[in-house]
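We have chain A; now place chain B onto it with these hints.
If you read the sequences in order, they're chains A and B.
Just so we're aligned: the first sequence equals residues 1 to 474 in the working numbering.
Just so we're aligned: the second sequence equals residues 475 to 962 in the working numbering.
Calculated from the structure, these hints are not laboratory results.
Predicted model only: the values in this text are computed from it and were never measured.
Just so you have them, the derived chain B footprint on chain A, three or more residues with Cβ under 8 angstroms:
| id | stretch |
| --- | --- |
| 1 | 74-87 |
| 2 | 90-101 |
| 3 | 305-316 |
| 4 | 322-335 |
| 5 | 353-367 |
Result set (BS3-like, lysine-lysine): computed pairs, CA atoms no more than 27 angstroms apart in a straight line:
| id | chain 1 | residue 1 | chain 2 | residue 2 |
| --- | --- | --- | --- | --- |
| 6 | B | 536 | A | 238 |
| 7 | B | 579 | A | 379 |
| 8 | B | 536 | B | 587 |
| 9 | A | 376 | B | 579 |
| 10 | B | 772 | B | 655 |
| 11 | B | 767 | A | 238 |
| 12 | B | 562 | A | 373 |
| 13 | A | 286 | A | 390 |
| 14 | B | 896 | B | 843 |
A short, non-exhaustive set of chain A residues, derived as facing chain B with CB atoms under 8 angstroms:
| id | residue |
| --- | --- |
| 15 | 196 |
| 16 | 201 |
| 17 | 204 |
| 18 | 232 |
| 19 | 233 |
| 20 | 319 |
Yeah, the Cβ is synthetic: ideal placement off N, Cα and C, and Gly gets one too.
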Amino acid sequence: MSKSSLKQTLKNLESKKISIRELNQDYLKRIKEKENLNVFIHFSEENVLKQIDNLEKDNSAKKLKGMPIAIKDLFCTKSMPTTAASKILENFNPTYESFVTQKLLDEGSIFVGKTNLDEFAMGSATNTSFFGNTINPLSQENEPLAPGGSSGGSAAAVAADLCLGATGTDTGGSIRQPASFCGVVGIKPTYGLCSRWGIAAFASSLDQAGIFSHNVEDASILLQSIAGFDQRDSTSAKVNIPNYFENLDDDLNGKTVGIPKEYSIDGTPMEISQIWEDAIKVLEKKGVKIKNISLPHTKYALPTYYIIAPAEASSNLARYDGVKYGFRSDEIDSLDEMYENTRAQGFGREVKRRILIGTYVLSAGYYDAYYLKAQKVRKLIADDFNKAFKECDFIVTPTAPSAAFPLNEKQNDPIKMYLNDVFTVPASLAGLPGISIPFGKDKNNLPLGIQILGKHFDEQQVFNAAVSLERSYE
Amino acid sequence: MNNLIKGEKHDWEMVIGLEIHAQVKSNSKLFSSSSTKFGSSPNSQVSLVDAAMPGMLPVINKYCVVQAVKTGVGLNAKINNYSVFDRKNYFYADLPQGYQISQYKYPIVGEGKVTIDFKDGTSKDIRIVRLHLEQDAGKSLHDQNPSKTYVDLNRSGVALMEIVSEPDIRTPDEAGMYISKIRSILMYLDTCDGNMQEGSLRADVNISVRKPGDEYGTRCEIKNLNSIKFIKQAINYEAKRQIEILESGGSIEQNTMLFNTSTGKTRPMRNKEEAHDYRYFPDPDLLPLEISKEEIGKIKSLIPELPDELKNKFIETYKLSNYDASVLTAEKQTSDYFNETINSDPELKNHAKIVVNWITSELFSLLNKNNQDLNNSLVSPENLGQLIKLISTNEISGKIAKDVLEDMFSSGKTARQIVDEKGLQQVTDQGEIAKVIDEVIAENPKMVEQYLAGKDKLLGFFVGQAMKLTKGKANPKMLNDILKSKLK
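Just chain A, with the same shape it has in the complex:
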């Protein structure tokens, strides 16, 4: 499967090798062929054709003009329904456009559809969606694999070449882990780089929008487009956004990479340790200084995350009550019953599980022991990184503890499922930027991912290291 990159496609359009219509029709065709993957919650050919019509009439120069982009169905969009993969928002049509998707529209991109995800982004396999599983495009015929999650639809859309890029959101690994599972590039920028305005919230202090793409260059172009300050999001950062693409520099000579010893975990498959070592070797060859670092609180990251994220979620999801919009149960004889039945019928198992956990850890008598303590540990984890980054420019680790697993493997074991985030969660808690790039394969020829973490708002360094590794691997 030779996929053309966004960068190359932009050139082809510019030199009139191909038209916007031809380009997108090509993608439409593939989307229809790959319907069995269940990548999209919402796809409307008509809608795409309408966007093409509009763009053909538009003579202005736009950076992403005509680029087919897939949107995780957690971003509110005016032209398409937004469900968060939940029954509770099954027929919800926002009257507003999220900050990120508006930016992409302003640049002239075409939204091919809304991609599947774990319900409210809660999951690591895109198997908690009300709209069914998404299948990893790299699956062998007899064994459907999970695309990872929660942004599994977006990762699969890029992997199956149904678009030139896709948006995702990452709360504890929801971009990086599916990128790794699907063999694509996925970047979660620094918390605050992209506005959360218009993204249905999972855990506000962790949620961050990001990008899936075929390669690092494309990711740098797309991230540039969606980043920026937004006064409607109080946690949005006022920072200068460099031109990541123009500034890409694969010369890492003289840089220092941190290798955290705590990321060598018992039970990690050999192949994963192997690609990690390979990556370090490649960097060493490029003149990068290898520095063994310690992030001592890493082992607390996962429990900390599974307190903070559900706590925030339990409150963020309280607005889905059947009163104002979305699903409302028919069986309502009282206000309490309306809440109970609406939420019992409207939310899936995993969402309910997390609401329960979150409600519990915030309850009187448990708050100090769980939530407050978790906040303190979160600070320690962030401090670990701050200290480490005094000694190194970026950190390299594996992205996930395994390659893509069979679809139904971990369905009934939430703890096992939560372990998928072990390498991605610490950076989420610290609000740091992280990218996953495909780097090597396992014995079944499934892709494995390497994660590169950078300092706050140092996405450029992350891209530089990523592009350098990517080019050496190719």
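Leaving out everything else, chain B in the frame of chain A:
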């Protein structure tokens, strides 16, 4: 002062604390740009944020922060450089987010105090625990349809200041005076419009009773009272209820009560099993609120003269009593009116007490009777000044002045105009008065006889008769003097 109430068996003391919810005077809501105008058609002032649509985020309205800081300064309170917005989680149909954004652990304003003044000239400090900012909820309308409840979100997200007092209040009157004082300060500061009828100012009352000297008893909270009258009624009822329980050997269950304004009774709102666990935690959508010393300084410089400062100034400048000065300064429009009146003529400064009386008793009673406000009264401060000047220079008597004021009140004419038109000038001509007195003496020989025989009280009768003949215009002092000398 004895604040105790008599039970069947003992005397009891009330212990009262108030949580006042004051709507911040601001054009837009605490976390959105929707209008806060009162009385608009349902759901016409609702932004995506107020309706808690997916992905919508709150952004703090800085003006509301300034208003809260101003209020804090007015309450002589500590302004906190660092405060945090928390979520208070509970489900209700008119609470679209499923939580209220409030401040829990770190309020914007800390400890302060306000002073209330009693008629007998004494005063008392009521300590403030804190003031914090929070969102108001929407409104559930249960009376629009027999089987449905409608929700109006216009009020959803409007900024409130919750002002919490220590349990320093001991009587219903003190509670009334305290809330009046808070209202006065807010209105001077222009941080709340003080309109209790529209719900811009309402209070939750915490009340317990104890035998004097005992520890605090178990308290009950009466929710959402929106008039001073109801606050007093509710306290009286609730105190009596608690005393009856305690005296018959029972104990008070901590409870949240509602006050029924038509029956005058309180009843429990929910029982213990339904007690909420609000699961407060810092709102991750909002950064902690940090205000620098410089910003606080800047806000302080915007603060007008407050009632207590003005009160002290009045006491010092015009030698008024503490109580008079506090009545004058209770409302900004009153103190403004007093200032304008007394400054309308340099002479009046020497008659400040008279000016106060004419405003707070004569003019106020006319306003009350006619359901009017100082602001729309036809009696301008200058005209009132002129009237008082006419009294102090003996041009008219105080009694006639009352009639003149009534005329001024209804016609809008000046005092001078009325006095001239009606010929109300005082008669100060000795000869003229003497002539009238002679007439009275001549017509009442029997009375004169009795008076001379020792019935001193009859002097009043002669004064009355003489006044009648002069249509009340005779100078009373001269009339008295001449009468006495003639009746020797």
